[in-house]
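2 protein chains.
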Amino acid sequence: MPTFANRLAEAVRAKGPLCVGLDPRVESLPKALRNRTDADAVRAFCWFVLERVAPFAGVVKPQSAFFELLGADGMEVQGDVLRRARELGYVTILDAKRGDIASTAEAYAHAAFGPHWDADSLTINPYLGRDAVEPFLSAAKKAERGTFVLVRTSNPGAGLFQNLVCDGKPLYRHVADEVVKWNASTIGTCGLGDVGAVVGATHPRELVELRAAMPDVWLLVPGYGTQGGTAADVKAAYRADGLGAIVNSSRGITFPFHPDDPDWESKIVGAAKKAQAELRG
Amino acid sequence: MPTFANRLAEAVRAKGPLCVGLDPRVESLPKALRNRTDADAVRAFCWFVLERVAPFAGVVKPQSAFFELLGADGMEVQGDVLRRARELGYVTILDAKRGDIASTAEAYAHAAFGPHWDADSLTINPYLGRDAVEPFLSAAKKAERGTFVLVRTSNPGAGLFQNLVCDGKPLYRHVADEVVKWNASTIGTCGLGDVGAVVGATHPRELVELRAAMPDVWLLVPGYGTQGGTAADVKAAYRADGLGAIVNSSRGITFPFHPDDPDWESKIVGAAKKAQAELRG
Chain A
370 MPTFANRLAE AVRAKGPLCV GLDPRVESLP KALRNRTDAD AVRAFCWFVL
420 ERVAPFAGVV KPQSAFFELL GADGMEVQGD VLRRARELGY VTILDAKRGD
470 IASTAEAYAH AAFGPHWDAD SLTINPYLGR DAVEPFLSAA KKAERGTFVL
520 VRTSNPGAGL FQNLVCDGKP LYRHVADEVV KWNASTIGTC GLGDVGAVVG
570 ATHPRELVEL RAAMPDVWLL VPGYGTQGGT AADVKAAYRA DGLGAIVNSS
620 RGITFPFHPD DPDWESKIVG AAKKAQAELR G
Chain B
370 MPTFANRLAE AVRAKGPLCV GLDPRVESLP KALRNRTDAD AVRAFCWFVL
420 ERVAPFAGVV KPQSAFFELL GADGMEVQGD VLRRARELGY VTILDAKRGD
470 IASTAEAYAH AAFGPHWDAD SLTINPYLGR DAVEPFLSAA KKAERGTFVL
520 VRTSNPGAGL FQNLVCDGKP LYRHVADEVV KWNASTIGTC GLGDVGAVVG
570 ATHPRELVEL RAAMPDVWLL VPGYGTQGGT AADVKAAYRA DGLGAIVNSS
620 RGITFPFHPD DPDWESKIVG AAKKAQAELR G
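Taken in order, these protein sequences are the chains called A and B. Position in the first sequence counted from 1, then plus 369, gives you our numbering. Position in the second sequence counted from 1, then plus 369, gives you our numbering.
Keep in mind the hints are simulated off the structure, nothing from the lab. Do not take every clue at face value.
In this list, chains with the same sequence are indistinguishable; a pair is considered to hold if it fits within one copy or across any two.
[To be verified] Simulated pairs of lysine to any residue, SDA-like, Cα-Cα distance not exceeding 20 angstroms:
#	residue 1	residue 2
1	Lys550	Leu529
2	Lys511	Asp500
3	Lys636	Asp585
4	Lys550	Gly528
5	Lys604	Ala646
6	Lys550	Gly526
7	Lys510	Ala600
8	Lys636	Phe626
9	Lys400	Lys604
10	Lys538	Gly528
11	Lys642	Pro539
12	Lys643	Ser472
13	Lys400	Arg608
Every value quoted in this text rests on a predicted model; they were computed, and no experiment measured them.
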C-alpha cells in the first residue's frame with residue numbers, strides 16, 4: 370500500500386534515516402553559482418544537491434522561508450525543487466510550519482499537496498487546536514500524503530511554552546497525545562502512520578520519552594549536526610525495527626564550505642556520505 | 370513618531386476599528402471577473418475591494434493562504450495587493466501566522482517586511498518559544514513595523530491547547546504575559562506598542578480578561594460577523610480612549626453576494642459601511 374508512512378519506510382530501509390534539509394541562504398551559496406539571479410542560483414544549487422546526495426538520503430526537506438524570501442520568483446523555485454526531488458525519487462517534506470483555521474487551513478493544505486507544491490508531506494503548527502489541524506489531516510488522507518506536527522522543537526527557547534506543565538504533564542506531551550490519536554487511523558503495513566511529529570535531537574531525554582509515548586508515529590528529528598545533536602543522541606528516536614525516525618541535517622550537509630571554496634561539490638557529497646554512515650551506526 | 374502602533378492609532382481615529390480581511394477564494398469571486406486567470410481575477414477583485422472600502426476602514430488584512438493556493442502567480446498577486454493597499458493609505462496586516470526558529474524566522478520576517486511583501490505587520494505563531502518570536506520582533510523594530518502574536522484564536526477548537534491550565538493559568542494567558550513583556554519597549558506616543566495580540570471575538574469572557582491583562586497591546590480581533598462575534602461582544606476589546614483594538618471582518622465584507630449577483634459591487638460597499646457604523650456604535 371503506497372501510504373505516506375509506507376513510502377517513508379521504504380526510503381529509510383533503502384538509504385537510512387538521513388533527511389537532507391534544503392535551507393538555501395543566498396549568501397551561503399558557492400560564488401561559482403552567483404553569476405545569475407538569486408532565484409536561479411537557488412534553483413541550480415538545490416538541484417545540484419538533490420542530484421548528488423541521492424545515494425545517501427531518501428528524504429529531503431525544503432525550508433519554505435528561504436524560497437519565500439525571494440518573493441514570487443522564489444516560490445516558483447520552491448515548486449521546481451519539489452518537482453525535481455520527486456523525479457529523483459525522494460520523499461519530500463515541505464517545511465512551512467503552517468497553521469490556520471477552517472477553510473484557511475484547507476487552502477494551505479491544498480497549496481502543499483496540490484499541483485503547485487505537490488509535496489509528500491508538510492510540517493504543521495498545533496497551537497490553534499483541533500479544528501486547525503484536522504483540515505490538514507483530511508487533505509493529506511485524501512491525497513495519500515503526510516503531516517508532521519510540531520511537538521518539541523529543537524531551538525534553545527522552545528521550552529517557554531512547550532515545557533509548561535498543564536494538568537500534570539508538559540504542553541508538548543499534550544500535543545504528543547493528540548498526535549497519537551490523529552495518527553491512529555492511518556497506520557500502514559510498515560506499522561507506522563501518516564501523522565508524524567517533530568521532536569528535536571537537542572533534547573535527548575524528551576526524545577526518549579516521546580519515542581515511548583508515540584510508538585506508531587514517525588518522528589522528524591531536527592537538530593542533528595550543526596545544532597548540536599549527535600548520532601548517539603538520535604538513536605533514541607528509532608524503534609526496535611530500525612524505523613520510526615528521520616533525522617534532518619541542513620547546513621551540515623549543504624554548506625560545509627566557504628562560498629569561495631572551489632571544492633564545494635565534493636564537500637557536499639562527503640558530508641552526506643559521512644552523515645549517512647554515522648546515522649546508520 | 371511614525372511607529373507602527375501610532376500609524377494604527379491614526380487609522381482607527383480616522384475611520385474606526387474595522388479591518389477588512391481579504392480571503393480571496395476563487396470560487397466565491399463574482400462571475401463577472403472570472404473571464405481571466407485565477408490570479409488575475411483575485412488581483413482585480415482585491416484591488417476593487419481596496420478602492421471601494423477605503424472610506425470605511427483604514428486597515429486591511431490579506432490572508433496569505435489564499436494567494437499561496439494559486440502558487441507563484443498567487444504570491445505575486447499577494448505583493449501587488451499589499452502594494453496597492455499601501456498606495457491607498459491602508460495599514461496592512463499580512464496574515465500568514467509564521468513561526469520558525471533563528472535564521473529561518475529571520476527569513477520569514479525579511480520576506481514580510483522587505484521589498485517583496487512590504488507589509489506593515491505580520492501575524493506570528495508563538496508555539497516555538499522566545500527565540501522563535503524574537504527575530505520577528507527585531508526585524509519589525511528595525512523596519513518600524515508591527516507583529517500580532519496569536520494568543521486566543523477565534524476557532525471553536527482553539528481551546529484544545531490554548532485553554533490548558535499550566536502553573537495556575539491558561540496557556541493563552543502565559544502567551545499574553547510574554548506579549549506584554551515583548552511589547553513594553555515599543556510603546557508609542559499613542560500609548561500602545563508595536564507587538565499586538567490576536568484575540569478572537571468569539572470568546573467574550575476571555576476578551577475582557579485579555580484586554581485587562583494587556584493594557585498597552587493592540588488587539589487584532591477576528592471572529593466578528595460571519596464567525597458569530599457581535600459588535601457588542603467586541604466592545605470589550607477597546608480601551609477607555611477608544612483605541613486598542615481593530616476588528617476584522619473578511620467574508621462578511623467581501624462576499625455578501627452570490628457569484629452570479631450583478632449587484633456585487635454595491636453589496637461590498639454597503640457591507641463595509643454598515644460594519645463601520647456598527648463598530649463605531
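Okay, the hints, checked on the actual structure:
| no. | hint | in the structure |
| --- | --- | --- |
| 1 | Lys550 with Leu529 | between (25 angstroms within a copy, 13 angstroms between copies) |
| 2 | Lys511 with Asp500 | within (17 angstroms within a copy, 35 angstroms between copies) |
| 3 | Lys636 with Asp585 | neither (36 angstroms within a copy, 52 angstroms between copies) |
| 4 | Lys550 with Gly528 | between (23 angstroms within a copy, 17 angstroms between copies) |
| 5 | Lys604 with Ala646 | within (13 angstroms within a copy, 61 angstroms between copies) |
| 6 | Lys550 with Gly526 | between (27 angstroms within a copy, 16 angstroms between copies) |
| 7 | Lys510 with Ala600 | neither (32 angstroms within a copy, 39 angstroms between copies) |
| 8 | Lys636 with Phe626 | within (7 angstroms within a copy, 59 angstroms between copies) |
| 9 | Lys400 with Lys604 | neither (37 angstroms within a copy, 57 angstroms between copies) |
| 10 | Lys538 with Gly528 | both (13 angstroms within a copy, 17 angstroms between copies) |
| 11 | Lys642 with Pro539 | neither (37 angstroms within a copy, 47 angstroms between copies) |
| 12 | Lys643 with Ser472 | neither (44 angstroms within a copy, 25 angstroms between copies) |
| 13 | Lys400 with Arg608 | neither (42 angstroms within a copy, 54 angstroms between copies) |
Taken one by one, the earlier hints fail for this structure at numbers 3, 7, 9, 11, 12 and 13, listed in ascending order.
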